[in-house]
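Undergrad: Could you build all of it, start to finish, from the sequences and the hints given here?
Protein chains: 2
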Amino acid sequence: MAQHIGKQTVIFSKPPIITHTHSSVGPKEADGPMGEYFHTRFADEINEEKSWEKAECSIIKHTIKQLLRLSHTQPTEIDYLLSGDLQNQINATHLGVKDFHIPLFGLYGACSTMGEAMGLGAILVGTGLAKKVISGASSHYCTAERQFRFPLEYGGQRTQTQQWTVTGCGYVMIEQEGTGPTINSITTGKIVDFDIKDVMNMGAVMAPAAVDTILTHLQDTNQKPTDYDAIVTGDLGNCGIEIAIDMADRLGVDLSPVMHDCGAMMYAQERQDTHSGGSGCGCSASMFSSYWYLQLLKRKYKKMLLVPTGALMNLVSTQQSENIPGIAHAVSISAPEQVISDKIQRFHLAP
Amino acid sequence: MAQHIGKQTVIFSKPPIITHTHSSVGPKEADGPMGEYFHTRFADEINEEKSWEKAECSIIKHTIKQLLRLSHTQPTEIDYLLSGDLQNQINATHLGVKDFHIPLFGLYGACSTMGEAMGLGAILVGTGLAKKVISGASSHYCTAERQFRFPLEYGGQRTQTQQWTVTGCGYVMIEQEGTGPTINSITTGKIVDFDIKDVMNMGAVMAPAAVDTILTHLQDTNQKPTDYDAIVTGDLGNCGIEIAIDMADRLGVDLSPVMHDCGAMMYAQERQDTHSGGSGCGCSASMFSSYWYLQLLKRKYKKMLLVPTGALMNLVSTQQSENIPGIAHAVSISAPEQVISDKIQRFHLAP
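Same order as they appear, the protein sequences are chains A and B.
Residue numbers are given in the working numbering: position 112 of the first sequence equals residue 112, and the series is strictly consecutive.
Residue numbers are given in the working numbering: position 275 of the second sequence equals residue 275, and the series is strictly consecutive.
Quick caveat, the hints were computed from the structure, so don't treat them as lab data.
Worth double-checking, as some hints may not be accurate.
Chain A stretches covered by chain B per the calculated footprint, using a threshold of three residues with CB under 8 Å from any CB of chain B [to be verified]:
#1 106-114
#2 185-196
Straight line, CA to CA, 25 Å or less: simulated SDA-like cross-link-like pairs of lysine to any residue [stated by the list, open to error]:
#3 A:298 with A:227
#4 A:197 with B:100
#5 B:50 with A:322
#6 A:197 with B:260
#7 B:61 with B:75
#8 B:303 with B:6
Ideal Cβ positions, reconstructed from N, Cα and C, are used throughout, including at glycine.
TA: Here's what the structure looks like:
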């Protein structure tokens, strides 16, 4: 039912189906150019909780609850939950999902976590070991900012290469049966280290990893970039996407006709002061679960390669002048054979 | 080749084989009652590095290098690496493994990470998606102490329920072909929350999760505790193991004849001042890769259930008075059909 091909790719003979998604974002993301695509738009980042950390947990909980409710699924029907986030020890995930009592694989791949979660979820479903799984990832601007950088109140200046951590999350249901876009193959990334230490330039860290995974995927599956309608990286941002296209070009591969980046799409650069764009696990997670999923349902894009990208560091490692390596995991997704109208409807009906 | 049975269990018709292991520990663990079983015993916790964090990375790197060297395996032959640790954003893993260039699934399950890594590794091998994987986990007393608790120099008093984070790690090679103990089934745990907030009593947090996973495993596989020669939890410690036996007893299951705990075994309680025992991802990882693996090779224990246990919290969540839930993942392992003398030799030859 599934087979390892080439160097790093698993291909599915009975492709797992992404039957449902739910995305939730904060006010800044809702105010951006993608705002209308998100299912739940929270009015503020605190979501009536006592702390930002608690707010992130509550957003995760809400998102999974909505995913279960709208798919008429009980938590007991879900075989596995695969999820991660940026809070230390992925604690937003743990406190956000604990009340669903679903067997959990806790994951950490920095902002590539959505790719890892969808990849392992597809393996569990594609090998017949699970009927239904939920995969997802979350991030929150305020929890990330104070954990990785400065207290928000400090009002630190940001360099032009810096990105804005997305407040939001996306969770998808992957099933053996049902209707929706299908996962045809996944390519699991290796850590790529280009000796970068600049914590203000995550795009430069992640671009080499994205290129490594994309080119390996194309080689493993014997495809060229234009076999995809879209190759969509997670959060390279405006700086990183240019680096990635340039790097691939020097390696003889022209990604430019099909390349998109969730981070570069998330905010209106000219009025939202987000510099190089969006970042965080929740960036590709929320963007795939909303805009990209809708494009697939509508068959506007018939085949996409989702490539969430992560920068591997923590506060101590950067203070100790360690390198920041990157990683990227690719998920190859096809549109359903027919436009699925009732699932498209959900995008207008969502609260 | 693999099948989902009962509520949370995957059973393998062609069981993946644990062909090789390597364990590395610090001086306190080497000085404990299990000291002679570990493959590499570092003379101090800093391992000639500039920081404890770098030391942990170097110990991981050394351990995987030894595992590859002694099994005559090139990194390119390994399909996947599955690993995690306790440093924020599992950064010890990232910096420790990056130079091997192996596709990586980064995991976080607190001290249950070894169970998660071996479980997912067994799935990849058992479904034929990988020929060889490496699974492992790491922890370090000094990095954990200053990250989760107090600066070491502070010399804080410790309660009797507290445990001592193990400096050490264990990595295992899981393969389709070869000789060694086999993984027959795995049971993936759910988060169990007993409303505990006491960060000084992780045994109490993890015991309910251990009992939940063990009882689910026995039910899913239609077995009783004594069908195992040993049920070995990760790091419940002296307090936690008593709670677990008592809880199971109240639920009508007598675990006492077969119950062991890596945390309770790690140190000499009477002279090493470790109170409730060892803890950390590296506790069950190093103990399984050394003592328990050797017992299986010698067929002293013919069937064991390894149940690494984790407490899900971070520094901020405990400061915000959040509950600390637990999780545990079970791996059912059988001894090889014959005593494997050459692999037993390694335990005496190891540097």
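Undergrad: Would you pick out the hints that fail for this structure and give their numbers low to high?
TA: 6
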